[in-house]
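Please work from the sequences and hints to get the whole structure.
2 protein chains.
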Amino acid sequence: MGEVVENPDSIHVDFTKYDIKRRIDIKQVFQNCLRSCILILNQDICMTKDVFIKLWKNNQICVCADGGANRLYEFFQDEDDRKTYLPTYIVGDMDSLRNEVREYYRGQNVLIIEQKCQYSNDFMKSIKVISDHFASPTVPKLLETNINHVVSGLKASNNNTSHDQGKNDIAPVKLVVLNAIYGRFDHTIQSVAELYRLQNQLPHFSTYYLTPKDLLFLLPAGGTSLTFTEGERDHLFGNCGLLPLAGPCTIVKTEGLKWDVANWRTGILEGQLSTSNRFVGDNGCYINSDCSIVVNIELKWEVVEKDAFFEK
Amino acid sequence: MGEVVENPDSIHVDFTKYDIKRRIDIKQVFQNCLRSCILILNQDICMTKDVFIKLWKNNQICVCADGGANRLYEFFQDEDDRKTYLPTYIVGDMDSLRNEVREYYRGQNVLIIEQKCQYSNDFMKSIKVISDHFASPTVPKLLETNINHVVSGLKASNNNTSHDQGKNDIAPVKLVVLNAIYGRFDHTIQSVAELYRLQNQLPHFSTYYLTPKDLLFLLPAGGTSLTFTEGERDHLFGNCGLLPLAGPCTIVKTEGLKWDVANWRTGILEGQLSTSNRFVGDNGCYINSDCSIVVNIELKWEVVEKDAFFEK
Numbered sequence: 001m002g003e004v005v006e007n008p009d010s011i012h013v014d015f016t017k018y019d020i021k022r023r024i025d026i027k028q029v030f031q032n033c034l035r036s037c038i039l040i041l042n043q044d045i046c047m048t049k050d051v052f053i054k055l056w057k058n059n060q061i062c063v064c065a066d067g068g069a070n071r072l073y074e075f076f077q078d079e080d081d082r083k084t085y086l087p088t089y090i091v092g093d094m095d096s097l098r099n100e101v102r103e104y105y106r107g108q109n110v111l112i113i114e115q116k117c118q119y120s121n122d123f124m125k126s127i128k129v130i131s132d133h134f135a136s137p138t139v140p141k142l143l144e145t146n147i148n149h150v151v152s153g154l155k156a157s158n159n160n161t162s163h164d165q166g167k168n169d170i171a172p173v174k175l176v177v178l179n180a181i182y183g184r185f186d187h188t189i190q191s192v193a194e195l196y197r198l199q200n201q202l203p204h205f206s207t208y209y210l211t212p213k214d215l216l217f218l219l220p221a222g223g224t225s226l227t228f229t230e231g232e233r234d235h236l237f238g239n240c241g242l243l244p245l246a247g248p249c250t251i252v253k254t255e256g257l258k259w260d261v262a263n264w265r266t267g268i269l270e271g272q273l274s275t276s277n278r279f280v281g282d283n284g285c286y287i288n289s290d291c292s293i294v295v296n297i298e299l300k301w302e303v304v305e306k307d308a309f310f311e312k
Numbered sequence: 001m002g003e004v005v006e007n008p009d010s011i012h013v014d015f016t017k018y019d020i021k022r023r024i025d026i027k028q029v030f031q032n033c034l035r036s037c038i039l040i041l042n043q044d045i046c047m048t049k050d051v052f053i054k055l056w057k058n059n060q061i062c063v064c065a066d067g068g069a070n071r072l073y074e075f076f077q078d079e080d081d082r083k084t085y086l087p088t089y090i091v092g093d094m095d096s097l098r099n100e101v102r103e104y105y106r107g108q109n110v111l112i113i114e115q116k117c118q119y120s121n122d123f124m125k126s127i128k129v130i131s132d133h134f135a136s137p138t139v140p141k142l143l144e145t146n147i148n149h150v151v152s153g154l155k156a157s158n159n160n161t162s163h164d165q166g167k168n169d170i171a172p173v174k175l176v177v178l179n180a181i182y183g184r185f186d187h188t189i190q191s192v193a194e195l196y197r198l199q200n201q202l203p204h205f206s207t208y209y210l211t212p213k214d215l216l217f218l219l220p221a222g223g224t225s226l227t228f229t230e231g232e233r234d235h236l237f238g239n240c241g242l243l244p245l246a247g248p249c250t251i252v253k254t255e256g257l258k259w260d261v262a263n264w265r266t267g268i269l270e271g272q273l274s275t276s277n278r279f280v281g282d283n284g285c286y287i288n289s290d291c292s293i294v295v296n297i298e299l300k301w302e303v304v305e306k307d308a309f310f311e312k
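Residue numbers (our numbering), protein chains in the order written: chain B, 1 to 312; chain H, 1 to 312.
Take the hints with a grain of salt, since some may be wrong.
Which copy is meant is left open, so a pair is good if it fits within one copy or across any two.
[To be verified] In silico DSS-like links for lysine-lysine, alpha-carbon gap of 30 angstroms or less: (1) K116 - K300; (2) K57 - K312; (3) K116 - K253; (4) K258 - K27; (5) K312 - K83; (6) K116 - K258; (7) K17 - K312.
Note that these hints are calculated values from the structure, not bench results. Since the model is a prediction, treat every value here as computed from it, not as a measurement.
And the structure:
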């Protein structure tokens, strides 16, 4: 069964005790980063305009997956805003993109990359274009020469070898995805599977899902330090969960949670999950699991908005 | 890898070929049933008043899990409605129940069962009370003798043996849960785990989650027939998914899906999932998996509302 310890509401985590394989400063999800992308999937954009624009400005490119472009278009009421916040690419089989939206963005010279392949969804097709974009700066330029800015079945993006290129391209890419969760439930689970696929196939990607309630990401197996300040812990984060969604696993050790565990078996079938937990570390939290697990952290969006959270 | 077959948009399923362990007529989720309960968890109730009232009338009792009572209270604007649709029980540790709501329902003689145990959540505590209610009709009567209708740490409900009573109590119970999905993501996954726990511990429960987008339930291992009419298929259902959330498994055989599979390995880590699928059987769908899997079916709520879907 392993060990569960209930901690006081504030403790200090001594990270030097641990073999840390990966460090995640949660604030960096929101901060400016050179090789970074916002990906908008086809659900309502549930954040304030203020937060959205700050997020936009802190990411280098924006990709809309098919009908995600409708959501970006509808998010802005006024034409000036709409014209200011243009996606870099619209990618997908275009079965959801409304004609009016397609014509609008085409008129603004947005690159629309139509991909009909049945064996990957619009989310995966978008990832492929993002990966190509960051792997080879010439790809977008090549595309720009195409008539009407509509590229059908883009060769470079159908090329299976470019995932391998991705593996050799070690410069990290930050990917912030909106609307991956909270749609139809099979979409939600497909998005969870995409976290695992990305970790495996594009390990230089750091992928984060922002939802109306929380921040989700996949912790790889081994020791990870999540770092944050006492203020962030107290004002920005609510509850959190460690979610073994690919099958049962063992959480070897945590330090910095209200309910820390050691050698603790966790799984959905086993009915043993660390949910409704929260951070108590004043400098962060250490988590070591023998398999990759999904972490969700409740975000107090009204504080994210007010805070200088987007500034370095 | 197994076999995947793309079917025409309408086929007839010959169920007589198969060994059927369980039959689910999807319409019955919404229809009148004697031993049945609506359980409301603490999220916004996202359905029209019309649908909610039809659903209410077709279920025998209603339980609110803690702050779920706030949502029921807020759902109705007018006092007549509020007084008409009173929950049978409010159950939980009551850390979310607003005072105004508690006083209102107490004034209406609603039974408020306060349970402080840390090792189960409000959802599980509510299930315990529902199970006790259907296992022994005297339990609610006993509770009614309690002063102020507030029962602290209800003994019968803390009694572990009553789950075993549940196993012997073979008369089926239908449980329709609102707001289990689409809250904080750790809550969503806790709800998924609860589907597996219920199947194991209270196999006489048929549990269904209704979300703003879809219907979710757990298919047990072995052959199941899902039955529906051609009209229901065409007008009420959208896409569907077969989701192996407790770890990888093999779907032995399906018949009646747009993309049917045979001996098909599926898992989140494997990145192989049957999502964005749909029904093409004109009389239903056969699904046989070697482990329990979650099924989601997109519901066209605007049609559910208009249709005589709630009538037998």
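Hints, one by one, checked against the model:
| no. | hint | verdict |
| --- | --- | --- |
| 1 | K116 - K300 | between (39 angstroms within a copy, 26 angstroms between copies) |
| 2 | K57 - K312 | within (13 angstroms within a copy, 55 angstroms between copies) |
| 3 | K116 - K253 | between (45 angstroms within a copy, 28 angstroms between copies) |
| 4 | K258 - K27 | within (21 angstroms within a copy, 44 angstroms between copies) |
| 5 | K312 - K83 | within (27 angstroms within a copy, 53 angstroms between copies) |
| 6 | K116 - K258 | between (48 angstroms within a copy, 18 angstroms between copies) |
| 7 | K17 - K312 | within (28 angstroms within a copy, 65 angstroms between copies) |
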